[in-house]
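Chemist: As you go down the protein sequences, you meet chains D and G in turn.
So in the numbering used here, spot 106 of the first sequence is number 106, and the numbers just go up one at a time.
Position in the second sequence (first residue = 1) + 111 = the numbering used here.
Accuracy of the hints is not assured; some may be wrong.
As the list claims (entries may be wrong) - From the derived model, a few chain D residues whose C-beta atoms are all more than 12 Å from chain G:
hint, residue
1, 12
2, 15
3, 17
4, 20
5, 22
6, 26
7, 53
8, 55
9, 68
10, 71
11, 78
12, 97
13, 98
What the hints assert, rightly or not - DEER-style ranges, computed between Cβ atoms:
hint, chain 1, residue 1, chain 2, residue 2, range
14, D, 28, G, 127, 41 to 47 Å
15, D, 50, G, 163, 22 to 28 Å
16, D, 15, G, 199, 40 to 46 Å
17, G, 119, D, 58, 30 to 36 Å
18, D, 41, G, 193, 25 to 31 Å
19, D, 94, G, 125, 37 to 43 Å
20, G, 133, D, 41, 18 to 24 Å
21, G, 163, D, 15, 47 to 53 Å
22, D, 40, G, 114, 18 to 24 Å
23, G, 163, D, 26, 31 to 37 Å
24, G, 149, D, 58, 27 to 33 Å
25, G, 190, D, 66, 38 to 44 Å
26, G, 127, D, 51, 45 to 51 Å
Honestly, the hints are just simulated from the structure, not real lab data.
All residues carry an ideal CB built from backbone N, CA and C; glycine is no exception.
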Amino acid sequence: SQELEQSPQSLIVQEGKNLTINCTSSKTLYGLYWYKQKYGEGLIFLMMLQKGGEEKSHEKITAKLDEKKQQSSLHITASQPSHAGIYLCGAAMGRDDKIIFGKGTRLHILP
Amino acid sequence: NAGVTQTPKFQVLKTGQSMTLQCAQDMNHEYMSWYRQDPGMGLRLIHYSVGAGITDQGEVPNGYNVSRSTTEDFPLRLLSAAPSQTSVYFCASSYAGSYNSPLHFGNGTRLTVT
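Isolated chain D (complex conformation):
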């Protein structure tokens, strides 16, 4: 979707390195979701953010929603081969509105 821009589109990092994926909207977001997808498989829910400034962590993955609720970042610390896959951000663009997704970021981890 053009309404949600993810960057970078693709990322190759050495195992053990940190990385950040961004998700940006021109509109205020009413809920921001991060999902992970192993190649050729289903979607795994990572985190959901609702409030401006909110930050959540799960194992070595941290996601934050900025104060204006228009941008979110997902940060992986000390990356591992298990982190490889496609990361998708999704968002509700209005109250009780449809949920759309960005084009995804393909993450490759080099051993």
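Following the hints, complete the assembly by docking chain G onto the known chain D.
Modeler: Here is chain G on its own, set in the frame of chain D:
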């Protein structure tokens, strides 16, 4: 709970054929939606519903019909399949006021139109 169940898992159609992709959830979710996933395109919203009897178009609705006669079911119909509809289709559901809860996804249906 079974969660979101999609059938079939795989389907091959010939151009012009029709079919229905089934989606059912047992979580009493008001919100249900259909996405298609193509390489490099992320998830694109086809149609969505905020409750029984209510449906609305998403980003790429052309060529697809939906209905929502019950809370549990949200079938997606292809009236005349085209090769451009070759894709992986995901159904998802959540509680209404969608930003309050995560989307629960089905395992997907891989459709090939020849």
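Chemist: Could you run down the list of hints and mark each one as holding or not?
Modeler: Consistency of the hints with the structure:
1. 12: For residue 12/D, whose nearest Cβ neighbour in chain G is about 16 Å away, the distance exceeds 12 Å, so it holds.
2. 15: holds, 25 Å
3. 17: At roughly 24 Å from the nearest Cβ of chain G, residue 17/D sits farther out than 12 Å, so the non-interface label holds.
4. 20: Check passes; 18 Å lies beyond 12 Å.
5. 22: holds, 14 Å
6. 26: holds, 16 Å
7. 53: It holds; residue 53/D is separated from chain G by about 16 Å at its closest Cβ, greater than 12 Å.
8. 55: Nearest chain G Cβ is 17 Å from residue 55/D, so the label holds.
9. 68: holds, 16 Å
10. 71: Consistent with the label, residue 71/D stays out of reach of chain G, its closest Cβ about 16 Å off (over 12 Å).
11. 78: holds, 26 Å
12. 97: Residue 97/D is in fact no farther than 12 Å from some Cβ atom of chain G, at 7 Å.
13. 98: Given a closest Cβ separation of 5 Å, the condition is violated.
14. 28/D - 127/G: 41 to 47 Å: For residue 127/G against residue 28/D, whose Cβ atoms are near 44 Å apart, the range 41 to 47 Å holds.
15. 50/D - 163/G: 22 to 28 Å: This hint holds: roughly 26 Å between Cβ atoms.
16. 15/D - 199/G: 40 to 46 Å: For residue 199/G against residue 15/D, whose Cβ atoms are near 29 Å apart, the range 40 to 46 Å is violated.
17. 119/G - 58/D: 30 to 36 Å: With Cβ atoms ~33 Å apart, the hint holds.
18. 41/D - 193/G: 25 to 31 Å: Given range 25 to 31 Å: holds, Cβ gap about 26 Å.
19. 94/D - 125/G: 37 to 43 Å: holds, 40 Å
20. 133/G - 41/D: 18 to 24 Å: With a Cβ separation near 20 Å, residue 133/G and residue 41/D satisfy 18 to 24 Å, so the hint holds.
21. 163/G - 15/D: 47 to 53 Å: holds, 49 Å
22. 40/D - 114/G: 18 to 24 Å: holds, 20 Å
23. 163/G - 26/D: 31 to 37 Å: With a Cβ separation near 33 Å, residue 163/G and residue 26/D satisfy 31 to 37 Å, so the hint holds.
24. 149/G - 58/D: 27 to 33 Å: holds, 28 Å
25. 190/G - 66/D: 38 to 44 Å: Since the Cβ atoms of residue 190/G and residue 66/D sit about 43 Å apart, the hinted range of 38 to 44 Å holds.
26. 127/G - 51/D: 45 to 51 Å: The hinted range 45 to 51 Å holds for residue 127/G and residue 51/D, with Cβ atoms some 49 Å apart.
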